[in-house]
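**Q** Letter by letter, the chains look like this.
2 protein chains.
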Amino acid sequence: MFSGLSHLACSTCDKTYGTEFRRQMCECGSPLFVQYDMDSLKREWTRDQLAERKQGMWRYHELLPVTHPDYMISMNEVMTPLMTLPNISKDMDVPLLLVKDESVLPTGTFKARGASVGISRAKQLGVKEIALATNGNAGAAWAAYAVRAGMKSLIAMPTSAPRVPYLETCYTGADVRLLEGTIAEAGIFVADYVLQTGAYEVSTFKEPYRLEGKKTIGFELAEQLSWKVPDVIVFPTGGGAGVVGIYKALVELQSLGWIEEGRFPKMVVIQAEGCAPLVRAYESGEKVSTYYENAETIAYGMRVPKSLADAHILSIIAKTEGIAYAVSDADIRKERQNIVRLDGFHACPEGAAALAGVRKLREIGFIKASERVVSINTGSGLKYVDQIDCAVQTAQEKI
Amino acid sequence: MFSGLSHLACSTCDKTYGTEFRRQMCECGSPLFVQYDMDSLKREWTRDQLAERKQGMWRYHELLPVTHPDYMISMNEVMTPLMTLPNISKDMDVPLLLVKDESVLPTGTFKARGASVGISRAKQLGVKEIALATNGNAGAAWAAYAVRAGMKSLIAMPTSAPRVPYLETCYTGADVRLLEGTIAEAGIFVADYVLQTGAYEVSTFKEPYRLEGKKTIGFELAEQLSWKVPDVIVFPTGGGAGVVGIYKALVELQSLGWIEEGRFPKMVVIQAEGCAPLVRAYESGEKVSTYYENAETIAYGMRVPKSLADAHILSIIAKTEGIAYAVSDADIRKERQNIVRLDGFHACPEGAAALAGVRKLREIGFIKASERVVSINTGSGLKYVDQIDCAVQTAQEKI
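From first to last, the protein sequence lines are chains A and B. The first sequence begins at 1 in the numbering used here and counts up by one. The second sequence begins at 1001 in the numbering used here and counts up by one.
Any given hint could turn out to be false.
Stated by the list, open to error - Simulated DEER-style distance windows between Cβ atoms:
(1) A:E44 <-> B:G1257: 52 to 60 Å
(2) A:S40 <-> B:A1051: 25 to 33 Å
(3) B:E1180 <-> A:Q337: 27 to 35 Å
(4) A:T290 <-> B:E1273: 22 to 30 Å
(5) A:L225 <-> B:L1195: 44 to 52 Å
(6) A:S370 <-> B:K1054: 23 to 31 Å
(7) B:K1042 <-> A:S40: 47 to 55 Å
(8) B:G1181 <-> A:Q337: 56 to 64 Å
(9) A:P86 <-> B:S1370: 46 to 54 Å
(10) B:K1334 <-> A:S315: 31 to 39 Å
(11) B:K1128 <-> A:Q337: 20 to 28 Å
(12) A:Q337 <-> B:E1027: 39 to 47 Å
(13) A:T46 <-> B:S1255: 34 to 42 Å
In case anyone wonders, no lab produced these hints; they're calculated from the structure. Values in this document were obtained by computation on a predicted structure and should not be read as measured data. Glycine included, C-beta positions come from ideal geometry on N, C-alpha and C.
Could you put the whole structure together from the sequences, leaning on the hints where they help?
**A** Below you can see the structure in the form of structure tokens.
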């Protein structure tokens, strides 16, 4: 059995759907989640079978929604490393800190995971054109995988999206549209576009399969830590597919009996002070978030005024005794520079935000010195070189 | 035995040196190469022992010059993937084409290999400050690993060096100097600087250990192809450490008996028409190259007017029945766009130059359709986004 794909289930109500046709969201307006035949998988699939397989996210194909290898659109994704940052670790007094470095994936961000699985599944469903709203990096990833699959893509992003992913997306030949406002306005444009053209919308949580790619971070993490989950996982959060994906992965691994039943890491959602809808909801004890007006942060990937899965994310935080916490742009800038100056590692601002969060949460005692903490670096610092300010100095001037 | 390190030998004359002190080049002015105790390694080390080890270049530590793991400065380098480019493959009629994608290494280029081993060995030798001349990417890599090792670094690059690696290097806190001219002028500055300060010069071939890092491409390649070397290896070439390193790796693997004795891939050196000293020497049957005046190309990593190892590179080409071949900047630009438009892969210009070379060499019959070809993508396309030209178009204008 290449995949244990079973059906789709609403994340909120009790509706279920078959997998044979394209689906977007549930009729009730909530995201759909992919379900697998766990009983069969439990019988037929063991951890030991992984040893023989190639590194990378597709090694977990039984828990991915593509039912035949012919539809796999892969760009040889590596298993992303768990990095140590020895000096940052010391500086923060978090001795057991690891950073899962997603920058080594194709197109330089964790968005490649969702794009690889999402495009593969779209190909299996006969899709010829995809459309999505993005802050930039998802666009670059989906456009690249779409090319690989021979599909057209329409990518809508805010005019304020960073220059690098914009250029990357254009370079693939995708149809790129720039919209005033945030990703929310780009989303409205895409919704209208798919109504008019019949393109398949693949914006975060608008279809069920991107999440399945994202969850492979959780599988890799568990395997890399010898099937022991860490105490804390810290994710810089915009749409929240990463958090939801990792949690789903851990639930599935528990149900296979590959990791300890009922033990979850504290799931920590880091947002920017300029765009912190989940933090605001968490702090006021709400079950859903409110649209965050005038959202603004230098960590563009986290500039999502309201996640479609906000209720689900807040429930994950509650269930795992996690937290939602906001850091300032100044903290992000400072931490990004700390990381490269202390450990030579060039994080993206979102990854730096997560580490700035680790620092603060250690200071207030939420994170203990004895805890194994995994912080996610979602992408390459190279995507944001424009934020680096260096005075040009010639040898002549200097000597 | 963590390392089989034995001694240093000149690449040209018959002088040898011990490894206990810092060394730069041989007294005769040629690069020094690291030698290992192959007899002991052959007795004590088998291919099977690799299975248990972590992925990445340090898994071959017996053939690296660092004699104790305490000195290893690593940033969790992954084993770089061998990518397929199905549509480019078809388009060029090179069915067995693979691209070794070095962009997933720390700082986004193959320079990380040399920097990781070079800095580790420098640390073991008690070095406190390194200095090097670079077209940009080596600077970014060495500065990052130097930070990790607690060393200072002086990085000299041409004022025309690309913006991204310049910014990356500055960001680490390195002392960056910009010089008029090419890497040759930067080299003169560095030579003077080390005389005055006692810093350790680590420019290409100026010390023996960078090459040892570079050669791990060859080890990985052989292991990934189940210890069968390909028919052709295509390397975009500036200083040439990559070509020399891979060849050295294959000689060592042969001497261990891990790969077939005496069988080498044709080693193909690709240069840019605007800076092709090795091609000119190869075509006129010279044993060394002449300084290439007014060197200029968009593939900055290949802008090296004269390699310190030119004689060695030319002899490798001769011994393996390879070739040195030049492509134009227009070819490079076109191929880079082809790759991303056909297969969604964002190569760097140097990697695109190598593939443009594959295309031409297939056209003239030097490469046969039946041959297994490995082309090296030396770095991330993100380093060169400034070369991408996209007209900004807003949704409003377009609809």
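**Q** May I ask which of the numbered hints given earlier this structure violates, with the numbers listed in increasing order?
**A** 1, 4, 8, 10
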